[in-house]
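Number of protein chains: 2
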Amino acid sequence: MDAASNEHSGSRPPRRQRSDGERSRAAILREAARLATVEGLDGLSLARLAAAVGMSKSGLFAHFGSKEELQLATIAAARRRFVDHVVRPSRGLPRGRGRLDALLGDWLDYFRGEVFPGGCFFDSVKSEFDSRPDNAVREVVAEDMRQFLGFLEREIRKAQEAGEIAASVEPAQLAFELDALGSAANQQFQLLGDRAVFDRAATAMRSRLDLVDPE
Amino acid sequence: MDAASNEHSGSRPPRRQRSDGERSRAAILREAARLATVEGLDGLSLARLAAAVGMSKSGLFAHFGSKEELQLATIAAARRRFVDHVVRPSRGLPRGRGRLDALLGDWLDYFRGEVFPGGCFFDSVKSEFDSRPDNAVREVVAEDMRQFLGFLEREIRKAQEAGEIAASVEPAQLAFELDALGSAANQQFQLLGDRAVFDRAATAMRSRLDLVDPE
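If you're matching them up, the sequences are chains D and U in order. Count along the first sequence starting at 1, add 285, and that's the number in my numbering. Count along the second sequence starting at 1, add 285, and that's the number in my numbering.
I should point out that these hints are in silico values taken from the structure, not numbers from a laboratory. Keep in mind it's a predicted model, so treat the numbers as computed, not measured. Note that beta-carbon positions come from the ideal geometry of N, C-alpha and C, so glycine has one too.
Heads up, simulated EDC-like pairs for lysine to aspartate or glutamate below, C-alpha to C-alpha not over 20 Å straight-line:
no., chain 1, residue 1, chain 2, residue 2
1, D, Lys352, U, Glu324
2, U, Lys352, U, Asp419
3, U, Lys342, U, Glu324
4, U, Lys352, D, Glu324
5, D, Lys443, D, Glu455
6, U, Lys443, U, Asp386
In silico contact screen, one side only, chain D against chain U (beta carbon under 7 Å); selected entries:
no., residue
7, Ser409
8, Lys411
9, Ala427
10, Met430
11, Gln458
12, Arg485
Cβ-to-Cβ under 7 Å is the rule here; a few derived chain D residues that face chain U:
no., residue
13, Val323
14, Gly403
15, Ser412
16, Asp415
17, Ser416
18, Phe461
19, Glu462
20, Ala465
21, Leu466
22, Ser468
23, Ala469
24, Gln475
25, Leu476
26, Leu477
27, Ala489
When you get a sec, could you build the whole thing from the sequences and use the hints?
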């Protein structure tokens, strides 16, 4: 999560109100993430983004020294939205199958709700950058994918510890399968526009988890 | 499959030898499909492609009147390679579970073998174009995705008719799940470089199909 921590590396004193600069930075990144899911993160030109947020190109350049810096900050902003929609809501529930179900439901709702106009930000960006070796954006996106798979895996393990998923299940295998179902639904919805794919994914996730119910 | 039929719409008499022009067209499209999986189909410039195949830009322009024409011909060429690697090999087997297993195995081998350097051509292109309404490339790619899902669905139905998959299974649901597993393996391999994902996909496909074995 390098990009996220870089973004907060300024010497901001605690409890200070957000400055205009910080507010507009947040607004710029929100628009940048939206645009990136439609036009690609690499297609995100400073000129196009300046027009979308109603700023001059030089004003935008004051916020981001380079295109790569803008791309990494955009990923960090998109990651915060993903966490707000998918990771955080189920945190208050007790560890176990119910929390895993809620998490998977929130994930599908995040796709359904079209939080980003071009589908999941991370799905859009991962295929854009997956064939570029030694690229900083690619490394950050790969790390985000590892984080999400690891997160699912830990949730499965906690449900096993709570006695709500059979101990014989290999958490990484089940995490792979659940992730595949959600990602495929997002991609098919983006390309074919048929919302029924979310029900297909939900049905498959439920059947898969019922199968490993220890009771 | 409009692009494929367009490509053969010339008035070529039967049994004539391929001309130099046709040979180089095939070589150009082979290279174009390779490049597109790495740099994107939209990033495929005539200049870049001309350099890669050792032709002049104007020589290349003689083959393809526009960038969109080049893109659609590239998709058609990639589709022929996909058919050769994934669709055709199992055609000789009797309809049923064995043929479906062979087909899924060939699909994973096509990913494993890195037929295209940037992973499955269609996976690369679908996220690139999925957010562009009224785009001819997008329509062709969407149709290809429908075709592949429909193909899996028909194979499942044939296995049901052969009494080798339980009649209670909904073919479209199972096709969605099998497609999700293969696509996810390809994408994770592209981004994370870990070949173990293909074994994860194969394991999941086998378990899923064993579960609907009528015996």
